[in-house]
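S.K.: Each chain, written out:
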Amino acid sequence: MTALPMEIYFAVGLSILAIGLYILSVKRNILRIVLGIELMITGANMTFVIVSYWLTGGSVDPLIRSIIIVSMGLASIVAALSISFVILVYKVFGTRDIRKLRELKG
Amino acid sequence: MFDLIIEIGLIIGILASAVYVAEAKPISRAIGGFILFSVLVAILYLYLNCPYLAGSQIAIYTGAVAGLMLLGMSITKPEYPEEEGTNKVLLGFIIAGALIFVSFIVVYYSSPYAPGITSEVISEVLARAQIGFGELEKFLANYLWNYRGFDVIFQAVMVIAIAAGLSHFFKEEREARKR
Chain A
1 MTALPMEIYF AVGLSILAIG LYILSVKRNI LRIVLGIELM ITGANMTFVI VSYWLTGGSV
61 DPLIRSIIIV SMGLASIVAA LSISFVILVY KVFGTRDIRK LRELKG
Chain B
1001 MFDLIIEIGL IIGILASAVY VAEAKPISRA IGGFILFSVL VAILYLYLNC PYLAGSQIAI
1061 YTGAVAGLML LGMSITKPEY PEEEGTNKVL LGFIIAGALI FVSFIVVYYS SPYAPGITSE
1121 VISEVLARAQ IGFGELEKFL ANYLWNYRGF DVIFQAVMVI AIAAGLSHFF KEEREARKR
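The listed protein sequences derive, respectively, from chains A and B. Heads up: the first sequence is residues 1 to 106, going by the numbering used here. Heads up: the second sequence is residues 1001 to 1179, going by the numbering used here.
So here's chain A without its partners, still in its complex pose (with noise of 0.2 Å):
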């Protein structure tokens, strides 16, 4: 078990999803938001560990592993295509900020 009691770790996965929402609300660059979607999937994937370390004692079910695999797998494919979009838009409006997308509205 580890030393630390586990609601402060179950905390701080909340937290790290709290601050991916942060950046995806507030900041505008578009490489930044990425990485705040990336950082809420990694702290719902630490969160989904701990609760399982939590709720079984000291392991962590082989069920939960392979679907953090899974999600991990996820989350590069959402990445390259974000980064694709990021790209494109590069191309096509010469900027990464995300207001200027606002030209997109009818």
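By construction, these hints were calculated from the structure, which means they are not laboratory data. We treat Cβ as the ideally placed atom computed from N, Cα and C, and that holds for glycine. Hints should not be assumed to be uniformly reliable.
[Unchecked claim] Some chain B residues close to chain A (C-beta under 10 Å, calculated; not the full set):
hint, residue
1, Asp1003
2, Leu1053
3, Ala1161
[Unchecked claim] Listed next, the stretches of chain A that the computed footprint assigns to chain B, with coverage defined by at least 3 CB atoms under 8 Å from CB atoms of chain B:
hint, region
4, 29-37
5, 44-55
[Said to hold, decoys possible] Derived lysine-lysine pairs resembling DSBU-like cross-links, with alpha carbons at most 30 Å apart:
hint, chain 1, residue 1, chain 2, residue 2
6, B, Lys1077, B, Lys1025
7, B, Lys1171, B, Lys1025
8, B, Lys1077, A, Lys91
9, A, Lys100, B, Lys1178
10, B, Lys1171, A, Lys100
11, B, Lys1025, A, Lys100
12, B, Lys1178, A, Lys91
13, A, Lys91, B, Lys1025
14, A, Lys100, B, Lys1077
Following the hints, put chain B in place on chain A, whose structure we already have.
M.R.: The following block gives chain B in isolation, referenced to the frame of chain A:
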């Protein structure tokens, strides 16, 4: 004792690097912070007896995702200044989070007097895991319950803050439309 120091350092490092990702001005430094964050999370997974997860974390996040980010950064041109005036928003987030936390604690420990099943579900989960909150938290909850008038005031402040934020947002939108 040594374990405790390592774990506290790990948690502080994870949180600090996550905040650095959010607040570092050049995007290259934010990506550096993200790499550090991923490595620290991998170490945390190792600590929780998940070596395969730690390996996957290093391979996928520190390798693939950070590499893609660096590629995207190098292809597109940097712009300065990127963001302005985000500190007030950060402060607002912290205050709102603290208010929500206080409200949650009060509702959780006052379930016989307040409707809602949240506290029952959490109590059930904690009972199954054989984990209690401890005496300090009970004392804090009793204290909060005895002074629940303050909680009502905090919630009122939160509602007013949300209303002010929404009105500010709509005002900005209207001005942008006028322009």
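S.K.: Now tell me, hint by hint, if it's right for this structure.
M.R.: Evaluated hints:
A least Cβ separation of about 4 Å between Asp1003(B) and chain A falls short of the 10 Å threshold, and the interface hint therefore holds. Proximity of Leu1053(B) to chain A holds as hinted, the smallest CB-CB distance being about 6 Å (cut-off 10 Å). Checking Ala1161(B) against chain A by beta carbon gives a least distance of about 15 Å; that is not within 10 Å, so the hint is violated. Counting residues of the region 29-37 of chain A whose CB falls under 8 Å from any CB of chain B gives 6; the rule of at least 3 is met.
Under the rule that three or more residues need a Cβ within less than 8 Å of chain B, the assignment of the region 44-55 of chain A holds, with 6 such residues. Restraint check for Lys1077(B) and Lys1025(B): satisfied, since their Cα atoms lie roughly 14 Å apart, inside the 30 Å limit. Simply put, Lys1171(B) and Lys1025(B) have alpha-carbon atoms about 28 Å apart, close enough for the 30 Å limit, and the pair holds. At roughly 11 Å between alpha-carbon atoms, Lys1077(B) and Lys91(A) fall within 30 Å of each other, so this suggested pair holds.
Proposed proximity of Lys100(A) and Lys1178(B) is supported: the alpha carbons are some 16 Å apart, at most 30 Å. Between Lys1171(B) and Lys100(A) the CA atoms are separated by roughly 19 Å; this keeps the pair inside 30 Å, and the hint holds. Between Lys1025(B) and Lys100(A) the CA atoms are separated by roughly 19 Å; this keeps the pair inside 30 Å, and the hint holds. For the hint pairing Lys1178(B) with Lys91(A), the CA-to-CA distance comes to about 28 Å; that is within 30 Å, so the pair holds.
For the hint pairing Lys91(A) with Lys1025(B), the CA-to-CA distance comes to about 23 Å; that is within 30 Å, so the pair holds. The suggested pairing of Lys100(A) with Lys1077(B) holds, with an alpha-carbon distance near 15 Å, which does not exceed 30 Å.
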